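K.L.:
Read top to bottom, the protein sequences are chains A and V.
Count along the first sequence from 1, then add 21; that gives the number in the numbering used here.
Count along the second sequence from 1, then add 21; that gives the number in the numbering used here.
One thing to keep in mind: the hints can contain errors.
Identical copies go unnamed one by one, so any copy, or any two together, can satisfy a pair.
[Said to hold, decoys possible] List of simulated lysine-lysine pairs, DSBU-like, C-alpha gap at most 35 angstroms: (1) K256 x K292; (2) K72 x K373; (3) K197 x K179; (4) K195 x K292; (5) K292 x K373; (6) K72 x K292; (7) K256 x K197; (8) K292 x K197; (9) K256 x K179; (10) K74 x K373; (11) K68 x K292.
Keep in mind the hints are simulated off the structure, nothing from the lab.
Just so you know, these numbers come straight off a predicted model, no measurement behind them.
There are 2 protein chains.
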Amino acid sequence: MEYRRVKDQESYDDLSQKDVESLSGRSLSSANATATGLSSVGGAKGKSSWKLKSVVTLALTLLTSSQAILIVWSKRAGKYEYSVTTANFSVEALKCLLSLAALSRTWNRHGVADDNRLTTSFDEVSVYPIPAILYMVKNLLQYYIFAYVDAPAYQILKNLNIISTGVLYRIILKKKLSEIQWAAFILLCAGCTTAQLNPSSDHVLQTPIQGWMMAIVMALLSGFAGVYIEAIIKKRPSRNINVQNFWLYIFGVIFNLVAICVQDYDAVMNKGFFHGYSFITVLMILNHALSGIAVSMVMKYADNIVKVYSTSVAMLLTAVVSVFLFNFHLSLAFFLGSTVVSVSVYLHSVGKLQPQK
Amino acid sequence: MEYRRVKDQESYDDLSQKDVESLSGRSLSSANATATGLSSVGGAKGKSSWKLKSVVTLALTLLTSSQAILIVWSKRAGKYEYSVTTANFSVEALKCLLSLAALSRTWNRHGVADDNRLTTSFDEVSVYPIPAILYMVKNLLQYYIFAYVDAPAYQILKNLNIISTGVLYRIILKKKLSEIQWAAFILLCAGCTTAQLNPSSDHVLQTPIQGWMMAIVMALLSGFAGVYIEAIIKKRPSRNINVQNFWLYIFGVIFNLVAICVQDYDAVMNKGFFHGYSFITVLMILNHALSGIAVSMVMKYADNIVKVYSTSVAMLLTAVVSVFLFNFHLSLAFFLGSTVVSVSVYLHSVGKLQPQK
Numbered sequence: 022m023e024y025r026r027v028k029d030q031e032s033y034d035d036l037s038q039k040d041v042e043s044l045s046g047r048s049l050s051s052a053n054a055t056a057t058g059l060s061s062v063g064g065a066k067g068k069s070s071w072k073l074k075s076v077v078t079l080a081l082t083l084l085t086s087s088q089a090i091l092i093v094w095s096k097r098a099g100k101y102e103y104s105v106t107t108a109n110f111s112v113e114a115l116k117c118l119l120s121l122a123a124l125s126r127t128w129n130r131h132g133v134a135d136d137n138r139l140t141t142s143f144d145e146v147s148v149y150p151i152p153a154i155l156y157m158v159k160n161l162l163q164y165y166i167f168a169y170v171d172a173p174a175y176q177i178l179k180n181l182n183i184i185s186t187g188v189l190y191r192i193i194l195k196k197k198l199s200e201i202q203w204a205a206f207i208l209l210c211a212g213c214t215t216a217q218l219n220p221s222s223d224h225v226l227q228t229p230i231q232g233w234m235m236a237i238v239m240a241l242l243s244g245f246a247g248v249y250i251e252a253i254i255k256k257r258p259s260r261n262i263n264v265q266n267f268w269l270y271i272f273g274v275i276f277n278l279v280a281i282c283v284q285d286y287d288a289v290m291n292k293g294f295f296h297g298y299s300f301i302t303v304l305m306i307l308n309h310a311l312s313g314i315a316v317s318m319v320m321k322y323a324d325n326i327v328k329v330y331s332t333s334v335a336m337l338l339t340a341v342v343s344v345f346l347f348n349f350h351l352s353l354a355f356f357l358g359s360t361v362v363s364v365s366v367y368l369h370s371v372g373k374l375q376p377q378k
Numbered sequence: 022m023e024y025r026r027v028k029d030q031e032s033y034d035d036l037s038q039k040d041v042e043s044l045s046g047r048s049l050s051s052a053n054a055t056a057t058g059l060s061s062v063g064g065a066k067g068k069s070s071w072k073l074k075s076v077v078t079l080a081l082t083l084l085t086s087s088q089a090i091l092i093v094w095s096k097r098a099g100k101y102e103y104s105v106t107t108a109n110f111s112v113e114a115l116k117c118l119l120s121l122a123a124l125s126r127t128w129n130r131h132g133v134a135d136d137n138r139l140t141t142s143f144d145e146v147s148v149y150p151i152p153a154i155l156y157m158v159k160n161l162l163q164y165y166i167f168a169y170v171d172a173p174a175y176q177i178l179k180n181l182n183i184i185s186t187g188v189l190y191r192i193i194l195k196k197k198l199s200e201i202q203w204a205a206f207i208l209l210c211a212g213c214t215t216a217q218l219n220p221s222s223d224h225v226l227q228t229p230i231q232g233w234m235m236a237i238v239m240a241l242l243s244g245f246a247g248v249y250i251e252a253i254i255k256k257r258p259s260r261n262i263n264v265q266n267f268w269l270y271i272f273g274v275i276f277n278l279v280a281i282c283v284q285d286y287d288a289v290m291n292k293g294f295f296h297g298y299s300f301i302t303v304l305m306i307l308n309h310a311l312s313g314i315a316v317s318m319v320m321k322y323a324d325n326i327v328k329v330y331s332t333s334v335a336m337l338l339t340a341v342v343s344v345f346l347f348n349f350h351l352s353l354a355f356f357l358g359s360t361v362v363s364v365s366v367y368l369h370s371v372g373k374l375q376p377q378k
């Protein structure tokens, strides 16, 4: 379970149906209007936004794929006795610090303005802690689902996230995908699952109805999370991303501090905060912090669909790199799944809806 | 190996590179011109041709899927001691008889005309025996490949036929598929293979280079076969399909007669021609004869791509029906593969090239 909290950071910022409704009714229409405005700018700005989008997507892909490799590496190198709650806290704190560092650089260069000012209104900041609270709901479910589903089956069921993200993206953010892009999205889900097939995967078919229900609820929570972050970040497109990140992460710091007090207070008091940390632990914390920031960037400059593609391709990259690093054997299922995912990426790009003028 | 000869009837009519070249240079251009002419007719005729195309495709799908079920059924019901060569001969003879019966009905109704006359020129009939000869090359290879590849791996490798058919269809018949249809074709191959995955499928990755080479050559022969039949049938679009079938099958009758004399002469002489035949054997012969005719019809009124889709969907249908008939268990890989194949069928139909006026 180490780093599950951090690994599932896409579920960090979940949201309640109520909030989504109020968001979609109130502010998303303005976000949509802005997005339309942005896309119609075109020219030099459109090109630079395309470049930015590519860079953050590539960064997310590379960071996510090295994430899994670091986890394998840390397991191979022996068991680390660090506390998971302190590691999670460190990740959130590091993200806050990095956002502040980037902000101070902006302030030095361009001065403090309305868009990059850290102070905020209650109206803006009120939605930011909700993800942190809702994350706990999903984290709690995660412990219960293992009563019905074993670990390999859980890995398979997690691919439902892909479908739920697509559906919620369509329903809540009201953004359209073309028919070919929908087909590509189904293929992405099927391809990722195929690539992960192993002889015990068929267990998933024996999952009891409670297991399915919980897996679907978790997928919906995870999908909501992604869509929610995109909604609150895109709600104020001109707002500096580092300010938005700071407010997103500061609640992570607070909630993880609470978790340390509840779960690991004695251990931290007796052994110290950084007990059991190694070089790899530090690398993992750094990697998770940077991936978290990359996710926010993708939400700001691209969208949830791009994020899902990026993390799916990262999963395949991880497996390929593992062949060289850990003598990992690729299965036929992996090749077939990778082929389907590659075709899906291709179809997603050729299937773009023509912008309606 | 029972019925391998009949099962692989798509490889029945193979062709030599030389013939293909001369065909594509000489007559295919006229076949293309006719096809373009047909497609531009539109209206009532276009609608009825679409209906005909659907009916023959559906027939092929149903016949092919019941084929595999009959094979399982015959195995369950015990081992039959019939000779494979006499069964193959019976299939070819039955196809000839059915073609003649259909022809005589046409002659009674509409009289004998140029298009439905059985007599033919050397120029027309000279290409028909080539498939029967080339089939033997593939049949021979089929015995040798098992020195390098085991049976489950061979099943997997047979899916290379899908790719080879697509490539040869493009190169030899010079027909175009859209980019999305190409993507769909790759998905069809990946999906069919995924659906057939089982714990021993990974053996295929250990296939030695000789095995791969032979599998590729066999896939090319099989692809050539399909494309060749389509070429000779479409070369004379106005020619009655039953005349074309008669000439196609009569060489099958002759070659199978030779095979009986070489392999089973003593057995047939001592035990009789129909020794060991049961009700299921007769059903299988009937089914194979009708499927063979359905393949010719699909070649005439649709094309190789439709045939490949039809037999792939049949493979999935067979598995689903087997759940009810034989308590067959469907694997997760089957569901994933079926999803990919379904999306592929959808993409093939939405991805149609717009006809250029």
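K.L.:
Reference check for the pair K195 and K292, CA-CA at most 35 angstroms: within, between, both, or neither?
P.N.:
For K195 and K292, the Cα distance exceeds 35 angstroms both inside one copy (50 angstroms) and across copies (74 angstroms).
K.L.:
Check K197 against K179 for me: Cα-Cα at most 35 angstroms, and say if that holds within a copy, between copies, both or neither.
P.N.:
within (24 angstroms within a copy, 39 angstroms between copies)
K.L.:
Is it within, between, both or neither when you check K256 against K292 at 35 angstroms Cα-Cα?
P.N.:
Neither: 44 angstroms inside a copy, 85 angstroms across copies.
K.L.:
With identical chains, the pair K256 and K197 could be close in the same copy or across copies; at 35 angstroms between alpha carbons, which is it: within, between, both, or neither?
P.N.:
within (18 angstroms within a copy, 46 angstroms between copies)
K.L.:
My question is about K72 and K373: at a cut-off of 35 angstroms on alpha-carbon distance, are they close within one copy, between copies, both, or neither?
P.N.:
Intra 18 angstroms, inter 32 angstroms, cutoff 35 angstroms: intra and inter.
K.L.:
Please work out whether the CA atoms of K68 and K292 approach to 35 angstroms or closer within one copy, between two copies, in both situations, or in neither?
P.N.:
Neither way: K68 and K292 sit 53 angstroms apart in one copy and 81 angstroms across, limit 35 angstroms.
K.L.:
Is it within, between, both, or neither for K74 and K373, if the alpha carbons may be no more than 35 angstroms apart?
P.N.:
Classified as both: same-chain Cα gap 16 angstroms, cross-chain 32 angstroms, threshold 35 angstroms.
K.L.:
For K256 vs K179, is the C-alpha pair at or below 35 angstroms within one copy, between two copies, both, or neither?
P.N.:
within (28 angstroms within a copy, 53 angstroms between copies)
K.L.:
Are the CA atoms of K72 and K292 at most 35 angstroms apart within a copy, between copies, both, or neither?
P.N.:
neither (47 angstroms within a copy, 78 angstroms between copies)
K.L.:
Evaluate K292 and K373 at a C-alpha cut-off of 35 angstroms and name the case that applies: within, between, both or neither.
P.N.:
neither (55 angstroms within a copy, 67 angstroms between copies)
K.L.:
Given identical chains, is K292 near K197, meaning Cα to Cα at most 35 angstroms, within a copy, between copies, both, or neither?
P.N.:
So K292 and K197 fail the 35 angstroms test inside a copy (53 angstroms) and across (70 angstroms) alike.
Figure legend: structure checked against the earlier numbered hints; hints not met, in rising order: 1, 4, 5, 6, 8, 11.
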